[in-house]
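Colleague: Listed below, chain by chain, are the residues.
Number of protein chains: 2
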Amino acid sequence: MVLKRWLVGDPLKSTQAAHERLSKTIALAIFSSNAISSVAYATEEILLVLILAGTAAIVWSIPVSFAILFLIVVLTISYRQIIYEYPQGGGAYVVARNNLGEQPALIGAAALMIDYVLTVAVSTAAGIAALTSAIPSLFEHRVALGLSAIIFIIVMNLRGVRESGKFFAFPTYFGIGVLGLMVGIGMIQAFFGHSVSLSPDHQTAVEDLTLFLILRSVAAGCTAATGMEVISNGVKAFRQPESQNASTTMFHMSLILATLFMGISFLAYHYGVLPKIDETVISQLARLTFGTGALYYALQAGTMLLLILAANSAFAAFPQLASILARDGFMPRQMATFGDRLVFSNGIIILGVFACFLLFLFNGDTHSLIPLYAVGVFISFTLSQAGMVRRWLIKKGPHWRTKLIVNGVGAATTGGGVIIISSTKFIHGAWIVFLLILVLVLMFRSIRSHYKAVSEQVALTRDHRPPLPRRNIVLIPINGVNKAVIRAVDYARSRPGEIRAVMVDMDTESTARIQIQWAQWGCGVNLFVLPSPYRSVLGSLLDYIEQVLEKEPDIWVTVVIPEILPAHWWQGILHNQRALLLKTALLFKERVILTDVPFHLKR
Amino acid sequence: MVLKRWLVGDPLKSTQAAHERLSKTIALAIFSSNAISSVAYATEEILLVLILAGTAAIVWSIPVSFAILFLIVVLTISYRQIIYEYPQGGGAYVVARNNLGEQPALIGAAALMIDYVLTVAVSTAAGIAALTSAIPSLFEHRVALGLSAIIFIIVMNLRGVRESGKFFAFPTYFGIGVLGLMVGIGMIQAFFGHSVSLSPDHQTAVEDLTLFLILRSVAAGCTAATGMEVISNGVKAFRQPESQNASTTMFHMSLILATLFMGISFLAYHYGVLPKIDETVISQLARLTFGTGALYYALQAGTMLLLILAANSAFAAFPQLASILARDGFMPRQMATFGDRLVFSNGIIILGVFACFLLFLFNGDTHSLIPLYAVGVFISFTLSQAGMVRRWLIKKGPHWRTKLIVNGVGAATTGGGVIIISSTKFIHGAWIVFLLILVLVLMFRSIRSHYKAVSEQVALTRDHRPPLPRRNIVLIPINGVNKAVIRAVDYARSRPGEIRAVMVDMDTESTARIQIQWAQWGCGVNLFVLPSPYRSVLGSLLDYIEQVLEKEPDIWVTVVIPEILPAHWWQGILHNQRALLLKTALLFKERVILTDVPFHLKR
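Quick mapping for you: the protein sequence lines, in order, are chains P and H.
Using the working numbering, read the first sequence as starting at 34 and increasing by one per residue.
Using the working numbering, read the second sequence as starting at 34 and increasing by one per residue.
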């Protein structure tokens with residue numbers, strides 16, 4: 034407990050919750066790192082596809098990048114409308130549930146959940162790739178480094194929203210700053226014709242430059258747009274006026290994202306940088322722009338921090354979604370409870386564990402994880418936009434036609450994204466995501482139907498009458514006379530009623546001795562000695578309880594078990610094994626109620 | 034439960050216990066397989082040491098074997114005296130505790146326990162070696178085969194003594210029969226000068242033929258005597274007259290052991306057989322005697338079965354020892370309880386698990402396990418014999434001087450064995466055994482001192498007065514009104530006294546609704562609404578309970594928790610998480626008693 038307090042801080046009063054709201058500066062750091070950090074790998078993923086058609090195909094990276102830019106612009110405009118319509122937070126689940134119905138909402142929720150896990154895994158993997166590009170000797174330790182980073186983020190998040198916000202603001206801005214500096218200096222150098230003596234190995238084509246290949250590179254580039262929905266999910270976390278602050282932040286975020294992404298794509302093409310296994314495109318660009326000096330290392334550090342902290346944004350959004358689902362009965366109810374620090378501890382831990390598992394499974398490799406990414410994001414984009422289209426059609430209101438067109442274009446664009454991504458990446462891993470969405474939706478539904486069955490079973494009907502009080506027989510199983518037993522008798526006597534001590538006769542001699550002791554210390558409670566044909570204490574007790582229940586069909590039987598509670602948990606193995614067996618055997622008997630009376634040992 | 038019944042059979046009445054006694058024929062099969070099966074590896078271990086001094090040193094195997102023969106004779110005579118003195122079972126622990134005191138007894142017990150585990154591991158490894166000698170393609174699967182064999186024996190033993198006795202009698206006698214046949218035919222062939230064209234590779238010496246080396250080979254040969262004590266531990270399992278039947282069985286066992294061991298040692302020398310990595314000496318001998326035909330495979334099968342079943346003898350002895358220790362308070366009390374089938378299930382499972390672990394750790398290799406073996410056995414031999422010497426000195430009785438001399442020679446011989454084994458094998462692994470003995474003795478002592486501390490704390494003193502009845506306040510934490518809650522109220526009302534329903538105000542609206550429902554269905558029980566400054570249901574409840582306890586320092590507080598018991602265990606994750614937290618938090622509060630009132634769901 035002391036360790037937990039030290040790690041996650043003291044609990045907060047709920048009146049403090051309002052102060053946990055984020056300023057725009059902090060919010061940009063928390064919510065935009067996800068979207069912006071994707072510039073660290075998006076260009077590289079585009080090039081990785083195009084290079085399959087040989088070095089000459091690289092020229093296509095520029096039009097592909099413009100396609101992605103168009104996507105970013107469309108998403109920015111259409112998501113601002115969602116932010117204003119859903120100031121309580123408008124994730125794909127909420128918007129779809131509100132406008133499209135339950136089934137699309139659950140698909141959206143499942144897609145988002147998978148996406149959050151992948152955000153953590155991909156961002157961490159890419160962050161560690163930035164590190165190992167600068168320090169190649171760490172390359173072989175990348176999985177261990179990634180896992181450590183995720184665990185670190187989990188602990189930070191369990192400490193609470195604001196503190197982790199402060200903690201993460203500086204590195205995020207530092208990362209944005211150095212990336213911006215690189216793009217700026219690179220552009221100036223390029224403008225003034227600064228020519229780098231880079232002669233890339235001419236790679237021969239292994240595939241033809243088909244439309245399909247170009248679409249595949251668009252699909253790869255779509256990873257740049259991942260994370261753009263995070264702000265719309267988290268509007269509630271902004272200071273008032275929430276929607277306006279969130280919208281402004283979204284605009285800033287998109288501007289930074291678009292500038293950095295286009296800049297990096299242009300520079301990579303200009304300098305003829307090609308992807309390498311052990312060094313990222315960004316790292317190569319930085320060496321060309323800054324030389325391998327202090328600025329280069331600052332840029333690698335900044336990129337790494339930005340990516341590692343991008344993983345953090347999912348930790349703000351995932352528990353929110355899980356708690357909304359839990360409140361609607363689609364997730365276990367405890368996901369809806371606040372943790373100690375007003376954050377949803379359960380969700381944080383689950384997200385962290387799954388992300389660690391994924392990172393471990395894919396050996397910490399960004400490129401292997403990418404095909405799974407983006408599918409879920411674009412499904413949720415599409416559902417949100419489609420939901421908004423339906424909303425305008427029904428709700429109408431001022432300027433609804435314009436709004437309809439904006440979200441309609443958004444839906445068409447992102448829907449196109451889903452088709453492109455899933456058709457080009459299906460065999461590379463996107464099928465896993467579709468399978469997982471199916472599994473999650475089935476899980477949501479079965480959890481809800483269980484809770485529904487439960488509430489039907491426990492529901493009180495209008496004509497339900499308060500029951501008449503029933504009689505209660507208290508049984509105290511004993512196997513000796515000592516303070517623990519007397520304490521149980523003492524407790525049983527605290528309320529009037531029939532009390533019986535029962536013991537099983539395993540050995541005539543000790544039974545006689547116990548009977549004599551009972552006469553002295555038993556407080557007048559009757560002692561029943563049970564025969565034991567099977568040499569089984571448990572069997573005889575169960576038989577006796579069964580008899581009592583049969584004889585009097587309308588009573589409660591309370592079994593008061595004197596239990597020794599050791600001073601140290603590991604001493605538990607030396608005690609109460611028999612009590613445990615008895616409790617397990619009685620758990621499913623109607624009308625039998627178990628009560629432990631612990632006797633606390635001091636040593 | 035059905036699976037368990039099918040695997041281990043129906044429970045037996047304790048009046049059936051007498052019928053579980055063993056006939057001499059069955060007892061020989063159960064108790065002697067351990068000792069006799071050691072001929073399968075003892076000669077090989079002697080040769081493995083001598084070959085270090087080159088092929089010429091092999092001639093020493095004959096005098097070394099005679100030394101072992103002397104040991105067998107001495108042990109047989111001196112153990113017969115123990116069998117008559119301790120008809121209740123005279124293991125090293127019992128004899129040492131009776132005559133030498135607690136410390137030597139615990140050392141003996143620890144040595145025996147380690148020995149039993151090693152018996153299972155070594156015998157199984159050697160048994161699998163017999164199998165893989167005949168079918169070399171199985172060599173790489175030896176660990177998996179060994180583990181399967183141990184698990185098979187565990188299940189058989191959980192079925193009970195007599196059934197496993199019957200089950201094991203035939204293969205034991207079959208193994209003894211084919212080994213005897215091989216020795217007999219081999220001897221006849223050798224006598225009539227049948228010369229095998231075996232030209233062993235002349236191995237060069239890597240060590241000098243020193244006295245130390247010869248003593249090392251004696252130590253290796255001592256493994257032939259392992260298991261000779263088993264009968265003396267299990268006298269109780271024989272039919273009446275127990276001692277006489279046990280003594281006769283011991284004599285038969287020693288005769289078979291001595292004949293087979295000397296025969297194999299002689300034949301191995303005569304034919305010039307040397308140890309190989311992938312084929313046992315016995316297998317080589319069998320090929321030379323029988324040719325590689327049906328008889329050869331019968332012998333390998335017989336040896337394997339004998340060895341695998343030798344492991345079984347430890348499963349009869351280990352739980353007996355554990356239960357004796359448990360009754361004296363040196364082991365957890367549940368080790369003393371009979372299992373379903375009148376056998377000591379706990380001991381069987383523990384022994385099996387440790388043996389599996391050891392087999393796995395040493396990669397199923399007999400030779401690696403051997404240095405750990407024999408040390409424990411000989412320590413327990415020595416303690417038994419020394420205990421008997423002390424006994425005759427004090428007790429005297431008829432012919433006590435002769436008896437003293439017999440056990441004295443036994444003690445000196447086995448004590449010599451301990452010195453030889455531990456000095457020659459110390460660095461090869463015997464140190465592990467000494468360390469484990471130390472650890473076990475410390476464990477025994479700390480368990481006993483814990484039980485002693487407990488019994489002091491719970492003991493009733495002569496002047497202890499029965500306590501006066503105290504008042505009881507019953508609290509029912511609720512978060513809604515449903516059948517489960519009403520059931521808890523119903524139970525609480527079954528005995529008169531003060532009852533308070535308590536709920537934490539997390540949401541004004543639902544609190545008001547619940548208060549109205551309570552007025553209708555709450556059976557007149559007062560509902561207390563607690564404030565929740567920290568948004569924590571648990572924290573508010575704990576605060577309130579603390580207040581009640583403080584206000585009235587002489588009452589019991591019973592917390593009645595309405596708990597939903599799902600129809601399927603895996604639904605448990607969807608329920609009662611809050612109840613679990615509450616229970617954990619209240620476990621260590623004095624005067625607070627927890628009572629679950631389960632509401633059984635049907636679906």
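Hints in this document: simulated from the structure, not taken from any laboratory.
It is possible that some hints are incorrect.
The list makes no distinction among identical chains, and a pair is therefore deemed to hold if it is satisfied within one copy or across any two copies.
What the hints assert, rightly or not - Pairs of lysine-lysine residues, derived as PhoX-like cross-links and limited to a Cα-Cα distance of at most 25 Å, are as follows:
id, residue 1, residue 2
1, K485, K57
2, K428, K516
3, K516, K429
4, K429, K616
5, K269, K584
6, K428, K616
7, K269, K635
8, K269, K516
9, K309, K584
10, K584, K429
11, K516, K616
12, K57, K429
13, K57, K309
14, K309, K516
15, K57, K635
16, K429, K309
17, K57, K616
18, K622, K635
19, K485, K516
20, K622, K428
21, K516, K635
22, K516, K622
23, K622, K269
Colleague: Run every hint past the structure and note whether it holds.
Modeller: Evaluated hints:
In this assembly of identical chains, K485 and K57 lie within 25 Å of each other by CA distance neither inside one copy nor across copies; the values are 41 Å within and 65 Å between. In this homomeric assembly, K428 and K516 never come within 25 Å of each other (Cα to Cα): the closest approach is 73 Å inside a single copy and 42 Å across copies. In this assembly of identical chains, K516 and K429 lie within 25 Å of each other by CA distance neither inside one copy nor across copies; the values are 76 Å within and 45 Å between. For a Cα distance limit of 25 Å, the shortest separation of K429 from K616 qualifies neither inside one copy, at 62 Å, nor across copies, at 53 Å.
When the C-alpha separation of K269 and K584 is checked against a cutoff of 25 Å, the pair qualifies neither within a copy, at 61 Å, nor between copies, at 43 Å. Within a single copy, K428 and K616 get their C-alpha atoms no closer than 58 Å, and across copies no closer than 50 Å, so neither meets the 25 Å cut-off. Within a single copy, K269 and K635 get their C-alpha atoms no closer than 50 Å, and across copies no closer than 41 Å, so neither meets the 25 Å cut-off. Within a single copy, K269 and K516 get their C-alpha atoms no closer than 57 Å, and across copies no closer than 37 Å, so neither meets the 25 Å cut-off.
In the homo-oligomer, the alpha carbons of K309 and K584 never lie at most 25 Å apart, since the shortest distance is 81 Å inside one protomer and 73 Å across protomers. In this homomeric assembly, K584 and K429 never come within 25 Å of each other (Cα to Cα): the closest approach is 70 Å inside a single copy and 62 Å across copies. Taking the shortest alpha-carbon separations for K516 and K616, both the intra-copy value of 21 Å and the inter-copy value of 23 Å come in at or below 25 Å. For a Cα distance limit of 25 Å, the shortest separation of K57 from K429 qualifies neither inside one copy, at 31 Å, nor across copies, at 97 Å.
Within a single copy, K57 and K309 get their C-alpha atoms no closer than 38 Å, and across copies no closer than 78 Å, so neither meets the 25 Å cut-off. For a Cα distance limit of 25 Å, the shortest separation of K309 from K516 qualifies neither inside one copy, at 74 Å, nor across copies, at 65 Å. Taking the shortest alpha-carbon separations for K57 and K635, neither the intra-copy value of 55 Å nor the inter-copy value of 52 Å comes in at or below 25 Å. In the homo-oligomer, the alpha carbons of K429 and K309 never lie at most 25 Å apart, since the shortest distance is 52 Å inside one protomer and 90 Å across protomers.
Taking the closest pair of Cα atoms, K57 and K616 never come within 25 Å of each other, the shortest separation being 56 Å inside a single copy and 43 Å across copies. Taking the shortest Cα distances, K622 and K635 sit within 25 Å of each other only across copies (13 Å), while inside one copy they are farther apart (34 Å). In this assembly of identical chains, K485 and K516 lie within 25 Å of each other by CA distance solely across copies; the values are 14 Å between and 47 Å within a copy. In this assembly of identical chains, K622 and K428 lie within 25 Å of each other by CA distance neither inside one copy nor across copies; the values are 55 Å within and 57 Å between.
When the C-alpha separation of K516 and K635 is checked against a cutoff of 25 Å, the pair qualifies only within one copy, where the shortest distance is 13 Å, while the shortest distance between copies is 40 Å. Proximity of K516 to K622 under the C-alpha cut-off of 25 Å is restricted to the inter-copy arrangement: shortest distance 17 Å between copies versus 29 Å within a copy. Within a single copy, K622 and K269 get their C-alpha atoms no closer than 48 Å, and across copies no closer than 40 Å, so neither meets the 25 Å cut-off.
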